[in-house]
Amino acid sequence: MRISYREAMRMALHDALASDPRVFLMGEDVGKYGGSYAVSKGFLDEFGPERIRDTPLSELAFVGAGIGAALGGMRPIVEVMTVNFSLLALDAIVNSAALYRHMSAGQFHVPLVIRMATGAGRQLAAQHSHSLENWYAHVPGLTVVAPATIDDARGMLAAALAEPDPVIVFEHVMLYNVEGELGDAWREADLRSARVMKSGRDVTLIAWGGTVGKAIEAAEALAADGIDAEVVDLRVLRPLDDATYVASVRRTHRAVVVDEGWRSGSLAAEVMARIMEQAFYDLDAPVARVCSEEVPIPYAKHLEDAALPQPAKIVAAVRRMLGGAAGASR
Amino acid sequence: MSENIDNGETALALLRDMLRIRRFEERCAELYGESKIRGFLHLYIGEEAVAVGAVRALGPDDAIVATYREHGHALVRGVSANAIMAEMYGRREGCCRGRGGSMHLFDAATRFYGGNAIVGGGLPIAVGLALADRLQGRAGVTAAFFGEGAVAEGAFHESMNLAALWRLPVAFFCENNFYAMGTALARSESQTDLCAKAAAFGMPATKVDGMDVMAVHEAAREAVRQVRGGGPVFVEFQTYRYRAHSMFDPDLYRDRAEIEAWKKRGPIHNLSNRLKALGKLTEAQFLALDAEATKEVEAAVAFAEAGSLEPIEDLALDVVAGRKR
Ligand SMILES: Cc1ncc(C[n+]2csc(CCOP(=O)(O)OP(=O)(O)O)c2C)c(N)n1
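So the sequence lines, in the order shown, correspond to chains A and B.
Under the numbering used here, the first sequence has 30 at position 30, and the numbering climbs by one with no breaks.
Under the numbering used here, the second sequence has 1305 at position 305, and the numbering climbs by one with no breaks.
Accuracy of the hints is not assured; some may be wrong.
Chain B is faced by these chain A residues, among others (derived, beta-carbon under 10 Å) [what the hints assert, rightly or not]: (1) M26; (2) E28; (3) G31; (4) S58; (5) F85; (6) A105; (7) G106; (8) L132; (9) R187; (10) E188; (11) D190; (12) R192; (13) P296; (14) A300; (15) H302; (16) A306.
Straight line, CA to CA, 25 Å or less: simulated DSS-like cross-link-like pairs of lysine-lysine [unchecked claim]: (17) K301/A x K1197/B; (18) K1263/B x K1280/B; (19) K1276/B x K1263/B; (20) K1036/B x K1295/B; (21) K1263/B x K32/A; (22) K1295/B x K1280/B.
Hints are computed from structural coordinates only; laboratory data are not their basis.
A quick note: this is a predicted structure, and the numbers were derived from the prediction, not measured.
For glycine and all other residues, C-beta sits at the position ideal for the given N, C-alpha and C.
Construct the entire structure; sequences and hints are all you get.
In structure tokens form, the structure reads like this:
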């Protein structure tokens, strides 16, 4: 079945609401408006206002209330319009949701799912375009995922709801309209493993969320030059599945990490450090990265494009690494 | 009804400004359809009386903090239509060299502090601007514009309290258009009388018909006078947006009849009809004002069309102080 990412996410939410009476959805404009990215359109009529709860513009209160409802036995799904606005609820997420299990020595836990859009590409300018996944991936007590494929958009939510602890789901804004084939793999979606999207011999491109498609595009361009790139989708940003991407780098001996976040203090930096720690002697070249330029994302199209990782920048990074030697092997 | 409609000169100036905003934004909507303007575009059509009446109540040394629905405020404040249009085209001739777009207009010369697209985000900043005026012995007032949706944010309550506690010169100008995206006021507030919230902070508050520009202007002048002499004031302007929240909004949450009813009270014909009835405006004069507004907009479009792109080498400028252009 060919469906959009939005449709896949919607099916996942629908399943969750239909199968578990403890599940409810709350957030700004999830009901009457139909969801700011139209993911929950029609849900208010189908499930009613008790379970599809439009909230006021009160990010701290409704995310905090999600934590309380989870503590009280419900399975809330809280939608924050974008990661940019989640900063108004950062306190609830970092100082409460992530800590209750530990602070209470395991007496309490917070089975809460928080969904938020992230990323740039729609000319929404600096206050609507940032990728702050790594802020959350820094925090023990949280699980952070970034479904990049139709299967993961369809499958990861159920896995998130099965977790006993808080899970943050990042949905890249440029993915909602992307269409693809929904197979059966979604039924096995877990929150622990990275996935090899395309195998290759010469270099490993490590990406997640909105950059996976760009890495695949870059791999296709490189293939035309005889460079065989492997693409790994991290899928889960915390905890990182070191085994999968490190094994890949051991095979290809080279890695480029592609991250829409800013370079300094990035998740890319963490992945690179782990490769250094675990596969240093397998490397043929220093690990490289393609990140966003260190500027607030600008409005003008040409500036926004220039600020973000692009397939051409990934290709250039790989070429630099291979020193122009097409199809170089060890 | 306010009496100073008798001051035909003020009334005509306000009418002229409302027409400038209306024609500017109608053109923006078209340009969005042509993909000349991108990203989020939030139109103020229907609400013009509020920005016009309130901004015209401020002096040149006063400051403004606005939201993402701020083209009108910027225009009336004196930011040129050229600079605003070029900004929306993403051109370097724009007021922020194309970095901000529709939602982030800034202009130091007129003390226009944005263009904030985090709902409620401008309110604490307005408090700080007022604090700076106070600490430096300046008589300035800071006007903070925000929608009724922002009233649900902690930032609103914290800012109101701080401004009242420290008696800072902030005019809290709430533009109540009754919907925050698709969420109606009664579906988001337990207390829908917004002035009652101000009262909880011990702050004077008034409710004003935001479709009547003369009433807005008078109330705003009174508020600014009060703020300059003492502490903060809250004014609720009741108004309505005719268009969807943004160009992405299918607008499925409002009755067409409700929209039509508000349109009947439209601020532009509301004022022009009254002026005509008083013999202070002829149809020919009205058409001349309108033509003048359209001319300004077309000149702005031509200016933006002829604009250039910020060089990509300058992408990283203005992140922190340092390298100059
Ligand atoms: C903190 C935050 N949360 C959510 C949003 C998304 N959003 C943008 S405008 C808006 C509605 C705001 O309504 P209101 O304050 O009444 O102003 P209006 O748009 O009606 O002028 C929402 C929910 C945002 N920009 N910032």
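Here is what the structure says about each hint:
1. Residue-level restraint check for M26/A is violated (minimum Cβ-Cβ distance to chain B is 12 Å; threshold 10 Å).
2. At about 7 Å, the closest approach between the beta carbon of E28/A and any beta carbon in chain B falls short of 10 Å, and the interface hint on this residue holds.
3. With a cut of 10 Å, the hint placing G31/A at the interface with chain B holds, because the nearest CB-to-CB distance is about 8 Å.
4. With its C-beta approaching chain B no nearer than about 5 Å, S58/A sits inside the 10 Å limit, and its interface hint holds.
5. Hint status for F85/A: holds, given a least beta-carbon distance of 7 Å to chain B, under 10 Å.
6. For A105/A, the interface hint is violated, since its Cβ never comes within 10 Å of a Cβ in chain B; the closest pair sits about 31 Å apart.
7. Restraint check, G106/A versus chain B: the minimum CB separation of about 31 Å is more than 10 Å; hint violated.
8. Restraint check, L132/A versus chain B: the minimum CB separation of about 14 Å is more than 10 Å; hint violated.
9. The beta carbon of R187/A comes no nearer than 33 Å to any beta carbon in chain B, farther than 10 Å, and the hint placing it at the interface is violated.
10. Taking 10 Å as the C-beta contact cut-off toward chain B, the hint placing E188/A at the interface is violated, the least distance being around 35 Å.
11. Taking 10 Å as the C-beta cut-off, the interface hint given for D190/A is violated, the closest approach to chain B being about 34 Å.
12. Among the interface hints, the one on R192/A is violated; its C-beta lies about 34 Å from the nearest C-beta in chain B, farther than the 10 Å criterion.
13. The beta carbon of P296/A comes within 7 Å of a beta carbon in chain B, closer than 10 Å, and the hint placing it at the interface holds.
14. Because the beta carbon of A300/A sits about 3 Å from the nearest beta carbon in chain B, less than 10 Å, this interface hint is met.
15. Contact between H302/A and chain B, as hinted, is supported at the beta carbon level, the nearest pair being about 6 Å apart and thus within 10 Å.
16. A hinted interface residue such as A306/A counts as satisfied when its beta carbon comes closer than 10 Å to some beta carbon of chain B; here the least separation is about 5 Å, so the hint holds.
17. Distance check on the hinted pair: K301/A and K1197/B sit about 42 Å apart at the alpha-carbon level, beyond 25 Å; violated.
18. A threshold of 25 Å between alpha carbons decides the hint, and for K1263/B with K1280/B the separation of about 23 Å falls inside it, so the pair holds.
19. Taken as a hint, the K1276/B and K1263/B pair is honoured in the structure, with Cα atoms around 19 Å apart against an allowance of 25 Å.
20. This hinted pair checks out: K1036/B and K1295/B have alpha carbons roughly 19 Å apart, not beyond 25 Å.
21. With a C-alpha separation of about 23 Å, the suggested pair K1263/B and K32/A falls inside the 25 Å cut-off, and the hint holds.
22. With a CA separation close to 23 Å, the supplied pair K1295/B and K1280/B stays within the 25 Å bound.
Hint check: violations occur at hints 1, 6, 7, 8, 9, 10, 11, 12, 17; the rest are consistent with the structure.
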